[in-house]
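> What follows is each chain in one-letter form.
Number of protein chains: 2
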Amino acid sequence: MKFVANRDDLLNGIKIVERATVVKGLQPVLANVLIETVGTNQIRLTATDFDFSIITLINADVKSEGKFTLPAKKLGEILSRLNDELINLELNDSTATITCRNSKFDIIGISANEFPLVEENISDTDCMEIETRPFTKAIREVVSAAAGYETNSPLSGVLCEVNKNILEMAAVDGNKLARVREVVKNTSSDGEKPFEMLISSKVLSELLKISLIANSETIKIYKEMKKIVIMIDKTKIVTRLMQGQFPKYNQFIPQTFSKEAIVNKNDLISALERVAVMVNEKNSIVKFEFADNTLKLSGDSPEAGNSQDELDVKYMSEPLAIGFNYKFILEFLKIVESEDITIKLNSSLSATIFTPVSDEDYLYLVMPVQLRG
Amino acid sequence: MKFVANRDDLLNGIKIVERATVVKGLQPVLANVLIETVGTNQIRLTATDFDFSIITLINADVKSEGKFTLPAKKLGEILSRLNDELINLELNDSTATITCRNSKFDIIGISANEFPLVEENISDTDCMEIETRPFTKAIREVVSAAAGYETNSPLSGVLCEVNKNILEMAAVDGNKLARVREVVKNTSSDGEKPFEMLISSKVLSELLKISLIANSETIKIYKEMKKIVIMIDKTKIVTRLMQGQFPKYNQFIPQTFSKEAIVNKNDLISALERVAVMVNEKNSIVKFEFADNTLKLSGDSPEAGNSQDELDVKYMSEPLAIGFNYKFILEFLKIVESEDITIKLNSSLSATIFTPVSDEDYLYLVMPVQLRG
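Chains as they are written, first to last, in our numbering: chain A, 10 to 382; chain B, 10 to 382.
Derived from the structure by calculation, the hints contain no laboratory data. Just so you know, not all the hints are guaranteed correct.
The calculated lysine-lysine pairs, modelled on DSSO-like cross-linking and capped at a C-alpha distance of 30 Å, are [to be verified]:
#, chain 1, residue 1, chain 2, residue 2
1, A, LYS72, A, LYS243
2, B, LYS336, A, LYS24
3, A, LYS343, B, LYS24
4, A, LYS11, A, LYS33
Pulled out of the complex, with its shape left as it was, chain A reads as follows (with noise of 0.2 Å):
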């Protein structure tokens, strides 16, 4: 094997497939990416964890055929000391020489044949053409909502449906559940059947992320029984469909509300980031307390001490305490652009609605917590 390619290339193609090693796993191989020539002028680039496989695509002048595996952080490393110029890299048995000016390296990499076989061929029978921008989007505002991907529930996954033109996305665990729904035009390979996916949140995050990188208009995913490929630019992500019942989450938000109160974000966070100094760690506590165009903001720790802070908002209804765990409200308020949020309340142990004022169709849902005394 031997081929030439641009430094800024073959680094970006690194920093996208690395997501999916595994460093310091059982198997030495899956630390490192599999590089393949194909064709004269192009070089393809795997990396998996079993689970979840990114696969992309770079241009290269092809010298000579092969393929070979190497480890990505070092190979991550190496390229990101090199200017852009000219990258020249050729196997010679167990190493592989990469050489640029005055600059050489010979690196000890892994037999092609001892990487995992990544079952990537899908059938399009299922499939759908969306919009990158109002995808991403949408995967930003609900990801954080999911439950750890660790716990393997199927709360550790954001349930996508496109039906007709509407991307709806959302993601619930125990204690709160965002719900977005997007305009976009799709082309689906069925466009009258609705789209619907269980997909892990943590495939969803690195998706985001390479998102910034690859530069594409639209995403492709195709559906399988067991499968999932997603198509964004030159780069592929294989990973499994999530099994299991989501739940039914549309049932939990409620429809009408006896309260509301209209808050500036920006006060919001900074109120909430003094109070939050003095709060018991374990529950992380807030205590929200809304009363004729204030709210007052109150936390408790047994050790340190206690913390209050008092915003102007607008809220004319009857006065209501009610706690939260201020982490889940700080999550969300990092997210949204709105400059002023409605908080759509009905009782302290009712679910609660926060929402952007200029985008209701994004919803963060946060059961409160019960207050002592």
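Given the coordinates of chain A, work out where chain B should sit on it, guided by the hints.
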């Protein structure tokens, strides 16, 4: 105790003294800062880890006198989240209440009686006043060559000597030595007698950071048998004078060299960082080969592979191959401001000197490592 102070003044004061606090130590009070009113318009902040204490004064409008200790970290967090406005602090039994606009914090503290006494009084028999700028420049240039302070050996200290108007500072461990000489205006209590002290490199590193916050053209240093007090602006650092024999380091520095290279600093940094991707992580050896106006660098890692790089330099002497721990060289290169540096050599086993071309009063001596094969 009750006072009003500016947020910025109070926060800067906390930032200065908190470097001496002990977090998660056996004595909880050492994580706290002692706050005392001084007359009607100042308060005094003190923190100590017994070995090393920092005391600073800030302006305040004292309403009623008193003293108390509060957790430095919490206090810093609270102040950093408030805007720069007037802060009210009032003591009630075991809590101090801070109010600022709409924010209020009750912070649990510890009685001032539990705070250790800091022996800060000093006779001014042996005292020196020195300009801040050359003094801190010298610290920055030598402090990284000292042995780790966990060793508690004299080598973890920095030797400072002022003789008439020459400041000499040096640090040395088994592998490297840094020495700098600066011309200073020196006002010592006895201008004829050299002023010499061995002071912990940790304390000097903290002094560097404090000098960025405190604003003072000169630093005063008082020396007693066992104690040193450093005054910078309204801040006082109290530390013990280190005991033990510091090596006569000047005799380690060769006077003549048979070979000399002049190397561009940034080129050498880039090449070293590239080659360092492939070094043995146990000894960090990079081989330097000087010959005929070129410098070839190479690294070799038993697991990962090897690396080579070549630079154009000025070198007209006989060829020489010599090995160094590249980390020591990078440490020096990242401190110096000079565009080019001089490397003065004798043989592959002799002490080698690195010095900025523009300032030969600063030198870094590195002992080479024997190369195999």
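> Evaluate each hint against the coordinates.
Hints and how they fare:
1. LYS72(A) - LYS243(A): holds, 22 Å
2. LYS336(B) - LYS24(A): holds, 27 Å
3. LYS343(A) - LYS24(B): Since the Cα atoms of LYS343(A) and LYS24(B) sit roughly 28 Å apart, the hinted pair holds (cutoff 30 Å).
4. LYS11(A) - LYS33(A): holds, 29 Å
Taken one by one, the earlier hints all hold for this structure without exception.
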